[in-house]
Amino acid sequence: SQQGEEDPQALSIQEGENATMNCSYKTSINNLQWYRQNSGRGLVHLILIRSNEREKHSGRLRVTLDTSKKSSSLLITASRAADTASYFCATDAMGTYKYIFGTGTRLKVLA
Amino acid sequence: DVKVTQSSRYLVKRTGEKVFLECVQDMDHENMFWYRQDPGLGLRLIYFSYDVKMKEKGDIPEGYSVSREKKERFSLILESASTNQTSMYLCASRAGPRYEQYFGPGTRLTVT
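Chains as they are written, first to last, in this note's numbering: chain D, 1 to 111; chain H, 1 to 112.
Okay, chain D solo, but in the shape it has when bound (with noise of 0.2 Å):
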């Protein structure tokens, strides 16, 4: 199964409303990493949060760690509805080179 989980799958939400996304993992990790993926597009790095942090901003995002329980949050505030997108996690398992990514999840915020 993949190493990164998001939940829920999928996430409708008003505009001006807070969206959270949450993403499970299942080994140590060096950090982990939030995109965001526009449809029929390529994907936009967010935010990386290294396994040394607990918390993290830019802008309207938050993202939270926590290694111990092996997931991570992504907190969307005051959202637009130009924050429609798949959001998906990437963790960097230690010893290996490659991020794996979770199937995302897609959010819809209406007008």
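No lab work stands behind these hints, which were simulated from the structure alone.
Being a predicted model, the structure only gives us computed values, none of them experimental.
One thing to keep in mind: the hints can contain errors.
Covered by chain H, per the in silico footprint, the following chain D stretches (three or more residues, Cβ under 8 Å) [as the list claims (entries may be wrong)]:
{"no.": "1", "segment": "36 to 42"}
{"no.": "2", "segment": "102 to 110"}
If you want the ones that stay clear, here's a sample from chain D, every Cβ over 10 Å from chain H, calculated [stated by the list, open to error]:
{"no.": "3", "residue": "Asp7"}
{"no.": "4", "residue": "Ala10"}
{"no.": "5", "residue": "Ile13"}
{"no.": "6", "residue": "Gln14"}
{"no.": "7", "residue": "Glu15"}
{"no.": "8", "residue": "Lys56"}
{"no.": "9", "residue": "His57"}
{"no.": "10", "residue": "Arg60"}
{"no.": "11", "residue": "Lys69"}
{"no.": "12", "residue": "Ser73"}
{"no.": "13", "residue": "Thr77"}
{"no.": "14", "residue": "Ala82"}
{"no.": "15", "residue": "Thr84"}
{"no.": "16", "residue": "Ala85"}
{"no.": "17", "residue": "Ala90"}
{"no.": "18", "residue": "Asp92"}
Even for Gly, the Cβ is constructed at its ideal location relative to N, Cα and C.
Take the given structure of chain D and dock chain H to it, following the hints.
Using the frame of chain D, we list chain H on its own:
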């Protein structure tokens, strides 16, 4: 501004054809990747290159080969395209291990 470009956004090929997908990055990155993305399966790594002329198989290399003769360019080759290779192909690059990846816009390949 960082940039990863892919040679085509959409491509239609026939079964048995040889297909070349090209990726170019302008960030002097060491590492480059090819993924395919299919509904319900997420991104799966096909091949990885950690330096010029160096490559490693990813999770699903069967039916694919790669070439990296110059640092900025990483090519994916389908020797004999098959219908099960219809997919979205994404190229990415990064400066090194533990750095973020930068993705190209993707190539949607249809094999008929």
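Which earlier hints can't be squared with this structure?
17 and 18
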